[in-house]
Structure formats: structure tokens, C-alpha cells
Amino acid sequence: MSTAENFPAFVNRKSFIELDGRARARSLFDEGTAKELVGPFDRVQSPWLPIQGVAPQADDGCIVIKGKIGGLPAVVVSLEGAFQGGSIGEVSGAKMTAALDLATKDSETGTKTAAVLLLETGGVRLQEANLGLAAIAEVISSILALRRHAPVITVVAGTVGCFGGMSLAAGVSSYVIMTKEARLGLNGPEVIEQESGIDEFDASDRALIWAIHGGEQRVGIGEADELVEDDAGRIASAIRSYVQAGPPSEYRSEQVKLNRDRIATLDMSKQIDPISLRKKWNGNDTTGGAR
Amino acid sequence: MSEHVGLRGRAWFQALTGKNEPLAGDPGSVLASNSLLGNETSLFLCVVPNTESRFPCVRDGQVGLEEAYTLAIRVREVMAEDRDKPKSKKRPIIALVDVKSQAYGRREETAGIFLAAATSADAYASARMAGHPVISLVAGHAFSGGFLTHGYQANRILAFDDAGIVIHAMHKEAAARITRRSVEELERLGHEIAPMSYDVKDYAKLGLLYKLLHVENPLQPTASEVEIVKQGLIGAVQDARSGLTDLSNRLESDAAKQTRKASIAVRAMLEAQWKKS
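Sequence order for the protein chains is A and B.
If you count by my numbering, then the first sequence holds residues 1 to 291, one letter each, in order.
If you count by my numbering, then the second sequence holds residues 292 to 568, one letter each, in order.
Hint data in this document are derived by calculation from the structure and do not stem from the laboratory.
Take the hints with a grain of salt, since some may be wrong.
Listed next, the in silico DSS-like pairs over lysine-lysine satisfying Cα-Cα at most 27 Å (straight line) [to be verified]: (1) Lys521(B) <-> Lys105(A); (2) Lys257(A) <-> Lys381(B); (3) Lys378(B) <-> Lys257(A); (4) Lys105(A) <-> Lys463(B); (5) Lys68(A) <-> Lys105(A); (6) Lys567(B) <-> Lys35(A).
Covered stretches of chain B (chain A as the covering partner; in silico rule of three or more C-beta atoms under 8 Å from a C-beta of chain A) [stated by the list, open to error]: (7) 296-305; (8) 319-333; (9) 374-386; (10) 430-439; (11) 466-475; (12) 534-547.
By construction, the Cβ of each residue, glycine as well, lies at the ideal position given by its N, Cα and C atoms.
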């Protein structure tokens, strides 16, 4: 009897979430095609952290790898959630924007180059405040410029989630892939609790957090495209099919009227029940995530 | 914060357009008007507080779901109407910015405020890329996701040279808590480290601004100041039309060459390695 018969599939699966940012990015490329650009040995680090007594990192928590995915040119930009919460500072932001802009340039001159963004991030790095915020505005702009030519695929895998200004980057992406463990939203639960009080959001209520921000719910209400199990092979294959699919016919962030009309019919006198919202908007019939 | 957020935005919207009411069908929190700027019609947009809003977390001038979608609708309307015009005839879009932040609410998160904010940023950026000059005038506060939703996709940003202007990623109290510092320490660091400062003069050092404009009291514009600001906006529109439709100009000023040296260096290095790969 082989081990495959003795153990359920999940025992043999290779977790994507357990990989660090660099290994996640590497795992997506066709064998032998991946090349990291402005890697740690180039020692490009944040000029703002050391003067505040914060240890910088030689890649600023942003990994850029170029290569081929499913035979097609692609660049993967991966944010390392373990460094400063995956936050966007001047350097990490500039790396991301530059990679997107170069993909656009190549696409415009005939080499369509897709971008995959692995977003594990709380948004702006507060130690670089205004430069982080400006960088995010530029990232959004660069995604919009690229997505007309080639798909920009955002993956939110877990456990840091994708929050703050970078959630807008997910919002303007061509496709968004999430795992069940991942969360996506503008304001994290702690921020809401801090700003609007515990009655508005109890940040210790984990079931509530995943019912609102979790991958199942985001896919369930149609605000993300695909829910994928935390399995490196499955995530890579989902990405591959979106790279091959090319740009979608319509972008979620262009569906202004649909979304405004949806908001107009919501009863705001009380909190919204996430499950009822899923039924109402009926994006997908995923189950689970209920509380 | 010595005054309510949004009052300056409203005052300038009124001064520049002569109007002070939302368009039919729009929420009370978004002012929009197609008004003359110099000799051409421009779309003016402003988010203002709405104490009556059915969304409790936007009543003090935050940008929420209705605000973001309404801004996107108005911008896309103008884009559609001007679609077949040459770039030199595409209507300027002027964002008057005085927003507290994005809405911090459970209702908003549940319904996907991230997507609403992205939809608005998309509309502004798409208008810019289509050739509309998109100009922001920061008249008061420009915070965080609120600014990303309304104003930060402009290809020229102007601000008043005034102590009441605050452009930042997070308000002082929260930023202090999250970075485990006192507000005093944060203020001291802000004076030494330009990107952390809450002062608009330090913001100007980042090279992201097209111009600072001076008015005596931004809450009460005088006729001559309105004229100066109009000229400033017209100049920005002309400058935007003569340049590229992306945001590359934000790295080209002398200030950017100083303060955003690392951004410029990273871009050059990545480009060199990209070509070789």
C-alpha cells in the first residue's frame, strides 16, 4: 500500500502560506526561468528606517522575480509579511511600481508581460508615512496602465491579509485569488475598533473577522474571483490559467453602477449580516465562513 | 484639529463654482458641478460632511461607500461625454480635497469599501490616462484611504500653504499608538524626517506637489484670492496637458530628486537588470 492511499490528500499537500515571500514567488515560475531583480545582495534598503532605530532589510520586504509562467513572460512581486507587516515604504513601493511599469513597457512593444502580486500587507509603513501613501497611489496607477495589456493577478494567501491602501491595489487588479485563511479589506478589525469603538467592531471576535474579510466571503459576494486551497500546486495552477486567459472583458472596479445600486438597497439602520449579503449579491454559491 | 474637516472644502467649492448643493440623486456628502474655470467647463468634485448620512461612520467628512461610488459615477460621466473629443478638449477634473479619512466602519467593510475606494481611484486614474487633466487642490485635510479615493490620482496636486493643511497616512494619535511612540515624539521625528511630518511645508519637500498657494484664511476666501486660486488651477491644467498622462512627474522635481533619491535609484537599477534578464 502506498502512502498516498494511507493518508488523506491534505497531509501530502505543500502549503503555500508556510513558504516565505521569496519561496512563494519562486514556486510560481516555469522551471529554470526565474530571476530575481534588485535582490538582497544589491542591498537596496529603506533610507528612513535606520535613522529611526528600526532595522532595515536588504530587500525592503519586497521581492521582484521575472521569468515565465506557463510559457508566458511574467513578473511576480511578493511582499514579505514577516518584515514590518509587509508594509509599503519608499523602496518596496518603488520596486513594485517599477516592475509594473517595465511590464507595461514590454507589453506595449509586443512582449505581453503579466504581473502577479502576492500581497501580504497592512498597507502604508507608518515610519515612512507620506512616501508610503504616495507609493501606493503610484502602484494603483501602474496596475491600471498594465492591466489593459496583460493581466495583473493579485493573490492574498494569508495570514497577514491585505489591508490599507494596498486593498485598493487588489481592487483594481484584473483577477483576485484568495485562500480561506486570507483576509481582504480596507481597514483591519483593530483599526476599526480603535477608531470607532468595540461596539462597531470587536477585533477579538475571530469568527466575525473571517465572516467579513475572509476569502470565502469575498469570493462569495463577488469581490474576489477564486477561492483556492492553501496548496502551492493549486495556487500556481490557478495563477497560470489567469496568465493564459489574458485581460478580462470587464473589470470589477469599473462596475460603478452595479455596485452603487447594490449599496443603495442596503439597510444601514443596523449592521449587515455577511451571509445574507452573500445570498443577496449572489456572486458565487460558496458555503462556509458562517457564524 | 482646530476646525471641522470639510468646511474649507465646502467654502472653496462654493467660491469656485457658485454652488453648494449636491446634484439630484447624489448623497449630501458629495458636491459636483460642471462650472467654468477660465474659459472652459471643468468638473469640480468635493466630499463634505453630512450629519444626516445613513452611514454613521462618514458623518464627520470621511469618504465611505456612497462617496466613493458617487465620485466614480461623476468622473465616468464626463469621460463618456468627452470620449470622442481630442485630448486638448477633454474636460479638466478638479478634486477639492478636505477629507478626514476613509470610513472606519463594520458596515463599510462588510459591503467592501476597499472595492468602492478602488473604483473611485480607478475612475480618476482612467480619466487622467484618457487625457483629462486631473487636478487636486488640498484645501484642508487629506488623510490616508480618503486621499487615495479622492485626489491622489491627480496629475498635478496643489495645496494651500497653511497650518491647517494636513496630508498624511494616519492621524497623529493612531500613528503614535501603532508605532509605539508618544505624540510628542512623533512630532519631533516629523521635524527631522520629512515623510513623517504633518506640516505641508515638509510635504512639499517630497516633490509630490505641483505648487503651494497662499490665502490668508482658507475658510473665508476673498474675491481676489479666488481669482489667484483659479489662475493656479488653470496653470496646473495647462501644465498637465503639456505633460504625460502618468504620474512620472512626481519623481521629476528638484525636491523629488533630493527626498525620493531611493525611489529614483531603485527604478534605474530594476530597469537595468530587467533588460539583462
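Checking each numbered hint in turn, tell me which of them this model violates, lowest number first. Those not satisfied are hints 1, 4, 7, 8 and 9.
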